[in-house]
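These protein sequences, in sequence, are chains U and Z.
With the working numbering, the residue at position 175 of the first sequence is 175, and numbering never jumps.
With the working numbering, the residue at position 271 of the second sequence is 271, and numbering never jumps.
Mixed in with the good hints, there may be bad ones.
Note that identical chains are pooled: a pair holds if it fits in a single copy or bridges any two copies.
To be verified - List time: in silico DSSO-like cross-link candidates among lysine-lysine, alpha-carbon distance up to 27 Å:
{"hint": "1", "residue 1": "Lys305", "residue 2": "Lys98"}
{"hint": "2", "residue 1": "Lys177", "residue 2": "Lys94"}
{"hint": "3", "residue 1": "Lys94", "residue 2": "Lys305"}
{"hint": "4", "residue 1": "Lys351", "residue 2": "Lys305"}
Worth flagging that the hints you see were computed from the coordinates, not collected in a lab.
Because the structure is a prediction, the values reported are computed rather than measured.
2 protein chains.
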Amino acid sequence: MAVRTAGKKPFQERLNKAYDWMAREGIGMAMIEDSEDRRDSSLRWLTGMPADALLFLSVERKALLVPWDINIARIYAEADYLRSYGEFDRLPVKACKKAAALLKIPHNSRVEIPSVTPYPRFLGFIEALTDFDVICRETDSFSGALEQFRAVKDEEEIAVYRRAAAITDGIIDLLEKQLRGGKLKTEYDAAQLIEGECRKQGCEGTGFKTLAAGPGRSFAIHAFPPYTMEPFGTPGLSILDFGVAYRGYTTDVTLTVAADSTRAQEKLVTLTEKAYKLALETARSGRAAVDIAAGVDAFFARANKSMPHALGHGIGLDAHESPVLRNRGDNGWILEPGMVITLEPGLYDSKLGGCRLENDVLITEQGAEALTHSRIIRL
Amino acid sequence: MAVRTAGKKPFQERLNKAYDWMAREGIGMAMIEDSEDRRDSSLRWLTGMPADALLFLSVERKALLVPWDINIARIYAEADYLRSYGEFDRLPVKACKKAAALLKIPHNSRVEIPSVTPYPRFLGFIEALTDFDVICRETDSFSGALEQFRAVKDEEEIAVYRRAAAITDGIIDLLEKQLRGGKLKTEYDAAQLIEGECRKQGCEGTGFKTLAAGPGRSFAIHAFPPYTMEPFGTPGLSILDFGVAYRGYTTDVTLTVAADSTRAQEKLVTLTEKAYKLALETARSGRAAVDIAAGVDAFFARANKSMPHALGHGIGLDAHESPVLRNRGDNGWILEPGMVITLEPGLYDSKLGGCRLENDVLITEQGAEALTHSRIIRL
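Isolated chain U, as found in the complex (with noise of 0.2 Å):
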């Protein structure tokens, strides 16, 4: 077995906050799975790898790392152990059963595996390891632990945040300047500007598949196909939705092009910035997200709109992170400085089309500071 220099930072702090959670909560062997059927990006969180591994943590204050490929484990990851996931025939419960032998976690202690273990798939952890307590649970369970841990931004992913940000408004202000010049075309156009510049500032790539709607497909919330060969930018509006994953790390930002727009158009677009900016006038510390999210969607109301998804989200690792902007009763969000959120108001009309403005936002003791600086471009 390779032993490994345990957990440089920041990934020693990170697994302290995870033992420290396991303790409290008397658990003996806490699992991660990160696999192409359910990725976990608290895997890399707690590790620095990037993907495709098993992660096994005792309360004894031990890693086991179980990659698909080793080769990546022994550049990017940090772990007390390392094994080879084919040296279990790439089984989660096989690896998970020799996991518990390996860190010698005592019979009879509680194992807790992930939240989203399939129905099926538990009752074989439960028949394969007759010797532990296997726990598989939403509420107060450990994959809700690293979530609420990850929601809020240590120092360091607020400095890779500044960088990626950074890149962002970059690559935003080349695509007006390629828009007004004529040179950006189409959707197809917008889409590669972003792959190379990104690339070209040491980005990982883009952080989600890039949205690049023109006028004849902008009506969708989420384009499909996500770009074509069709115009940008042409008249009417079009929706571009990015980001830039720096580290792993994803912003991610839309703006809408608005040429020659009508006045319905137009409507949409001023209501759209008026929401956006109530949003950040309202984004701050000690607020519940719900209402945050609530006064947006009411300001809609009142112009007989409504918007068909949720108001932001908070990003990080994925694209998609806690804590949510959703006007719906069971969110308990409360923002908290170094939540880093998205503000996306948007309205969508299966005839004008559609318009969304979308920036990324640090809350701090002081209120929210925009990293990013997407906007209304009209045309």
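Go by the hints and put chain Z onto chain U.
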């Protein structure tokens, strides 16, 4: 409620398979979910809806589609009934309960939810649907039946694949030409050529993230990041793994560029080519997938090499579908005419770099027909 023309071919034929299965198994209602957290292309296979919806089928042969974006559904989807997800607060359990009422499912009927439903969510369904017998299973499941149906492509799908393969081959030829002409110099150049060409040919985009890894990064099974500004096709081994999605169906091919390769590198390449030839010769209708994979593993073992991944997998609306060509005891797949699979032997060395050769193959009555023609490119 919007009532729509029900199921045109081929959707109606596929729905009929699903309804017949439900009748045989005594399932009153079955649910399919495609969401950000849990993708399920059976949604698209049955209705044409590309993504982000719930689908409820009744044994009385009615389909209710509940999309996140109703504008997209109106353009792409076929279903008897259409209701916006927003009506159910975008809550699967709530939508399921209302769907049962709307589709007039008799009390005490068996209602089957997806195999991948997380255990805590499963409990939520049980709690809310007290009038029904809620079933979530892996063995003999509805999800599994759909997986079986989808593993064998129908005539329409095979026709789509022939076109997708021709586009893929055209791109491979262009890549080779640009490589030999010295125009294609970086991983980024390769990825961008694919992004542009596939869209020019009417594809929806790439079927998955293009993996382009020059000699410095080809040791990984799946390079991380997927592609960068690093050199490609320079001395050593470079790997390019990509697919194009045509009408939803993705190809999946890998070519390796061996430039000024050393004897040790050339050995990896030659072994991979021989393994591919062996796989293509042995893959045929009636044979067990596990045996074909075991044959290739044994071939590599005789050369003191080992392949750290499966030999191949089905492709379709997903880049990874059934059957899997994995050398593991639990693999019970038998090849059948109409299956479209990849064959992708590969060897990876942290010092020499990696080599993989992958093509898409149609299983026929007579044998295996290579649809794509990827290859080792020696420079």
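Checking each numbered hint in turn, tell me which of them this model violates, lowest number first.
Number 2 only.
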